[in-house]
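Residues per chain, in single letters:
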Amino acid sequence: MKTVNSMKLSFISKSVNESFARSAVASFLLPLDPTVAQIADVKTAVSEAVTNAIVHAYPDAFGTVYIEARLTDTGRAIIKIRDRGIGIPDIAKAMEPLYTTSTDERAGLGFAVMQSFTDKVKVRSTVGKGTTVTLEKLISRSEDGQK
Amino acid sequence: MVDLTYQDGAVTAKLYGEIDHHIAPSLRGEIDACCESRRPARLILDYGAVSFMDSSGIGLVMGRYRMITLLGGRLEVVNIPPSLKKIFTLSGLEGLGVIK
Numbered sequence: 001m002k003t004v005n006s007m008k009l010s011f012i013s014k015s016v017n018e019s020f021a022r023s024a025v026a027s028f029l030l031p032l033d034p035t036v037a038q039i040a041d042v043k044t045a046v047s048e049a050v051t052n053a054i055v056h057a058y059p060d061a062f063g064t065v066y067i068e069a070r071l072t073d074t075g076r077a078i079i080k081i082r083d084r085g086i087g088i089p090d091i092a093k094a095m096e097p098l099y100t101t102s103t104d105e106r107a108g109l110g111f112a113v114m115q116s117f118t119d120k121v122k123v124r125s126t127v128g129k130g131t132t133v134t135l136e137k138l139i140s141r142s143e144d145g146q147k
Numbered sequence: 148m149v150d151l152t153y154q155d156g157a158v159t160a161k162l163y164g165e166i167d168h169h170i171a172p173s174l175r176g177e178i179d180a181c182c183e184s185r186r187p188a189r190l191i192l193d194y195g196a197v198s199f200m201d202s203s204g205i206g207l208v209m210g211r212y213r214m215i216t217l218l219g220g221r222l223e224v225v226n227i228p229p230s231l232k233k234i235f236t237l238s239g240l241e242g243l244g245v246i247k
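Just so you know, the sequences run in chain order A and B.
Our numbering applies: residue 1 is where the first sequence begins, and numbers increase by one.
Our numbering applies: residue 148 is where the second sequence begins, and numbers increase by one.
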C-alpha cells in the first residue's frame, strides 16, 4: 500500500479545536471524492478520538494532540490521533460500549462510534506516555487513490 | 445553538448546527434552566436542523432524559435527519421509547 498524500497537524487540547480537527481531516480526504456519508463517518470518528484525547488524556492540564493522516494508492484513508497524556490502563475496558470515566455527561460510546463509522480501529497506549488511535476507512477503489 | 419555546405545557428545544463535546455543555445549561423554571410536562428535543453530531449529541439526550424524568415530565426526540440515524441507532436510545 503506497502513500499518495499525507499531512500532519497538531493543536492544543482545547475543546474548541474539536471542530477544527474533524474539518481539517475531512478536507484532506476530498481528493478521494468521498460521498457525503463517508465524510460524515470520518468526521464523527475523528471527533470522538480527538474528544477522548482532550477529555481523558490531559485531564488536569492542556497538552498537544497530534493528527497524522495519509491516503493510499488503494483509496484508503489512514488517520492517527496521538497524545502524550496519561494513557489508558485497560484498553479492552475503555472500548466497552457505555463505559466512561467521565462525569461530564459523556455517553461512553466513543470507541463504539469509531468502530462503527470506520473499517478498522487500532489503539495503542502506554500509561504515563500516551495513546495512539489509528482509524482506517476505504474511501475510493480507484488504482491511484484518486477518481 | 438552541431556540427554546414554551407552549401548552411543553418546552421545545430546537437545536441548530453542530453538537460536539465543546458545544454540548452550553446547550445543556440553556435547556435545563428553561425546564427548571417552566416545569413542563414534555420536553421536545428537535434535531431537524443539526448538521453534525458525535456521541455528545447522544449524551445530551441521555442527560435530558434523566433531568426531565426527575422533574416529572417526559422526553421526546423528533425530526432526526437521515444523516444522524446511524449514530442514534448505535446508541440504543430507541429502547427508551423517546424517539418519535
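Wrong hints could be hidden among the right ones.
[Claimed, not checked] If you want the footprint, here are the derived chain A segments under chain B, 3+ residues with CB under 8 Å: (1) 64-75; (2) 80-87; (3) 121-130.
[Stated by the list, open to error] Facing chain A, from chain B, some residues (calculated, C-beta under 8 Å): (4) Asp167; (5) Ser173; (6) Asp179; (7) Ile205; (8) Tyr212; (9) Thr216; (10) Leu217; (11) Asn226; (12) Ser230; (13) Leu237; (14) Ser238; (15) Glu241.
In case anyone wonders, no lab produced these hints; they're calculated from the structure.
Glycine is no exception: its CB is placed at the ideal position from the N, C-alpha and C atoms.
Practice task
List, from low to high, the hint numbers that the structure doesn't satisfy.
Solution key: 1, 2, 3, 5, 6, 8, 9, 10, 11, 15
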